[in-house]
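Construct the complete structure from the given sequences, taking the supplied hints into account.
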Amino acid sequence: MSWAQAALLARGLSRGWGGLCGAALRGAPFSQVAALALRGLHRSAAACSSDLSLVPSPPESQRRPVKVLEPHEELFKQAPGGERDKASFVRAVQCFGQQDVRRRGHVDFIYLALRKMREFGVQRDLAVYNLLLDVFPKEVFRPRNVFQRMFVHYPRQQECGVAVLEQMEQHGVMPDTQTEFLLTQIFGRRSYPMLKLVRMKLWLTRFKNVNPFPVPLHLPPDPVDLAKLGLRHMEPDLSARVTVYQMSLPSDPASPEEPAQPHIVGTPVSSAGIQSPDQQAALARHNPARPIFVEGPFSLWLRDKCVYYHILRADLLPPEERDVEEVPEEWSLFYPMQLDLEYARSAWDDSEFDINEVEEGPIFAMCIAGAHDQATLAKWIQGLQETNPALARIPVVFRLAGSAGELLTSSGMEEPPPPRPEAQEEEEVPQRQQQGQG
Amino acid sequence: MSGCGLILRTAAAARVCRALVAFTESRRPLRTSPRSATFAKELFLGKIEKKGVFPFPEVSQDELNEINQLVGPVEKFFMEEVDSRRIDQEGKIPDETLENLKKLGLFGIQVPEEYGGLGLSNTMYARLGEIISQDGSITVTLAAHQAIGLKGIILAGSEEQKARYLPKLASGEHIAAFCLTEPASGSDAASIRARAVLSEDKKHYILNGSKVWITNGGLASIFTVFAKTEIADPDGSVKDKITAFIVERDFGGITNGKPEDKLGIRGSNTCEVHFENTKVPVENVLGDVGGGFKVAMNILNSGRFSMGSTVAGMLKRLIEMTAEYACTRKQFNKNLSEFGLIQEKFALMAQKAYVMESMSYLTAGMLDQPGFPDCSIEAAMVKVFSSEAAWQCISEALQILGGSGYMKDYPYERMLRDSRILLIFEGTNEILRMYIALTGLQHAGRTLTARIKELKRGNMNTVMETIGRRLRDSLGRTVDLGLTGNLGVVHPSLADSARKLEENVYYFGRTVETLLLRFGKTIVEEQLLLKRVANILINLYGMTAVLSRASRAIRLGLRNHDHEVLLANTFCMEAHLQNLLSLSQLDKHAPENLDEQIKKVAQQILEKRAYICAHPLDRAS
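If you read the sequences in order, they're chains A and B. For the first sequence, the working numbering assigns the number 1 to the initial residue and increments by one for each residue that follows. For the second sequence, the working numbering assigns the number 1001 to the initial residue and increments by one for each residue that follows.
A few of these clues could be false.
Said to hold, decoys possible - Here chain B is said to cover these stretches of chain A; the calculated rule only asks that three of the stretch's residues, wherever they fall, bring their Cβ under 8 Å from a Cβ of chain B:
no., stretch
1, 205-211
2, 328-342
What the hints assert, rightly or not - Derived DSS-like pairs (lysine-lysine); straight-line CA-CA distance at most 30 Å:
no., chain 1, residue 1, chain 2, residue 2
3, B, Lys-1047, B, Lys-1456
4, A, Lys-208, B, Lys-1047
5, A, Lys-305, B, Lys-1608
6, A, Lys-208, B, Lys-1600
7, B, Lys-1456, A, Lys-228
Please keep in mind that the hints were generated in silico from the structure rather than gathered at the bench. By construction, the Cβ of each residue, glycine as well, lies at the ideal position given by its N, Cα and C atoms.
Next up, the structure:
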């Protein structure tokens, strides 16, 4: 019943939505669209920055020179010892509730709290959002007659409620029945926050599992674990084995440029590689006369973290050099493996052709290393040689790009290259090549 | 008249024909001579090769007496002395039982008489199989010994090898085992790792390797072993090829693992066999050096037909036992036998038993005809049909019996366990379906090459002819392949079924032609299509067998032939409908054909290696 009402309301209100939206966003709607599109591609740090949310940034911060405390800021400061966690956040919100029975300034407080959520690490916590909504006084903003219902009743408060929901949406927090209950208590059924909630309930569930390659919510902090995760994420073959070739060494601040390990150059370096049995077999079959290439770094976004990987690949064999897979004469003891007929599949039954299927050269292995210089990657190749003896005879060419993220073989990706990570070494020369590594 | 062709066959049981037997048996080398196209292959061309199939093969009165004399004591022995339950529990056939089996001559059923065996024909071997099937473990032990273990010596052995090994094998003094399977090689001959290397003095092969799941591996003294040897090609290159060896346990270096603990046929001995630097004299090469692949294929192809009669014998006893139960057990003041759902199960068991019996003896009869006909497709069809029917019927029998079927106090659960292996060994049913379909398609493809080439080139005459025929077919033509009518070979009371068979055969031929035109040699990759082709063919063969047998029964006035007619007609009706469905699925863009969806489901699951649906209780929020 309530949903049907809400749906009707949604249709009715959609006309008025534009005006509110414009008011709330304080920016051109187009920029919002572009930003959303970007967020669709990578759920990354950019998406979480506060300038995209409906939360108005404090005017003071733009002026900068004088640091003035916002109202209620002291509530979030009073945590002793600077401990910033859920408990202190909840305490701050509760303090506000106890300060004043009329909840004076609650809209400002909620905006401030929304901005502070990331700091306290509670931006994905549904209970905290419900607690924030609970700050609104109940029953006050509910429209009581048809005229109130016709126009936006208490627009500033409704806007604030929408902002809370908007931030929930950005962090992928699904509202629950308590959220709905609170909103009906605060704004009533026919209100913009409720409309937002209905839409969230409809769409968030549909988008929650839309990614066929889900990334865990909490990424491992250890770079080696992260690298393993990234490699597994890219490799479709479940038989593939991840090998850690080198654990990161604690950097020694006293002698950053140790002569024994010059390639580490002060940064802790680790590298993990992945190779499936099929790739191993393909590498063993590779003609040693043709060089193979180490290419990279290419970027891979895992939520808000970016890792860079390298691949070991070869060029596609020209058609005349490909050896045709022969069916041995005496293979199956039980049934003929091939028919001795002169004719093959008719053209109209040949569904093999696929416009999306572009032939590429084989990829033999992938690795994620802490540093992207040639010396580190050479170590990876050395490690690979233990399981792939054939690699010793094949010349390896290093094609390391200065700027990450562009495929060297093709015309390049549509996206502009992401900013270079700080870990990457400046000394890398673009297109540096070296023959006969290993 | 029907027996005239059979008089000439290798009627070894007749003592007077000893010389003739020796002559024909010794002349049975690897079957490489050109043979007449057999029944199953002609079906692929939409034709029914009546010769050899109609009338149903018969044995002479002498032979019948002979076999009945033999069957009597064997049956008595199995009824009185074989304790299947004990064999199953102890996981071993008692020594005295084995001794008695040897005394009965059951270790040399098909070994020619001159080498001390019984020298029975295939038909009589099938008849004995019916009785031996009382105990699964003994059946498998005997089959591993003579259907594959020593078969190589009979099929490909030289005179010296036969004279040396067969007498002791036939008497059961030595038991044989067939060593082909390896940890890495099931049906893939290329991955055989066992290796035989010629010694310096060129008198011995040094054999090394391991074989797994060898039936009789722990009992056997003589092994037929397949191993890779290096063969110098005429052009100078050296190739690895498979060679078959006769290996005696006394050659040394042979060890075996402990007997495997199995689901069923627990009394049979299955274990690993390891060969370590076993010295095999060059005289013990079976067949040609490098010709082991053909030897293995011939042994495997020749052993399959007997499963039909074996399973039929078991089903017949099962029907007796369950019928006894169904007619005495009362529920709601009614016997179980009065309930329709129970009656249905008996009809099913009887029908399956009848069909597989007919197929099996038809195939045996064809094999016994002179000229060494190649009946490997037919034998494979018998194996596939009978193994699947066995599993289905025993499962239904357990349904009839309810709870007692599940208890170890009764023999039914053991039968269920024992029968499961039938679908797996001697070539899994999946692989045999590929064999059935591909061998037939190869034959049809060769015959139709000229036509298909002209069609592909766009020869107007051929194209118009084909289109005309299609038009005529689609307007509903009556197919007459000469089974019915005045000169027909099928009795009029089966005429309806015969016409159904003719129609199926005709349209099957058309479909095969279309498939070849569409896929050519790449049809090897279309396994789901091949499965349907094989299923249709098995049904067609079954229909032919029952029509032939029931016609004969009516004409001779055998007892209860009206019951046979009933069974034959019900089977033909069902098979006809199944075939129509399969044929329509073989059409291009058939809505009944779900292959693409099936493949997609499997791919998505196998990519993740798990069941990927969300749990029904999962929520999005």
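Each hint tested on the structure:
For the stretch 205-211 of chain A, the proposed coverage by chain B is satisfied: 4 residues have a C-beta within less than 8 Å of a C-beta in that chain, meeting the threshold of three. Interface restraint, the stretch 328-342 of chain A with chain B: holds (14 residues with C-beta to C-beta distance below 8 Å; minimum three). Simply put, Lys-1047/B and Lys-1456/B have alpha-carbon atoms about 24 Å apart, close enough for the 30 Å limit, and the pair holds. With a C-alpha separation of about 60 Å, the suggested pairing of Lys-208/A with Lys-1047/B is violated against the 30 Å cut-off.
Using a Cα cut-off of 30 Å, the hinted pair Lys-305/A and Lys-1608/B holds, with the two alpha carbons roughly 25 Å apart. With a C-alpha separation of about 24 Å, the suggested pairing of Lys-208/A with Lys-1600/B holds against the 30 Å cut-off. For the given pair, Lys-1456/B sits about 54 Å from Lys-228/A by alpha-carbon distance, which is inconsistent with the 30 Å threshold.
Violated hints, in rising order: 4 and 7; the structure is consistent with all others.
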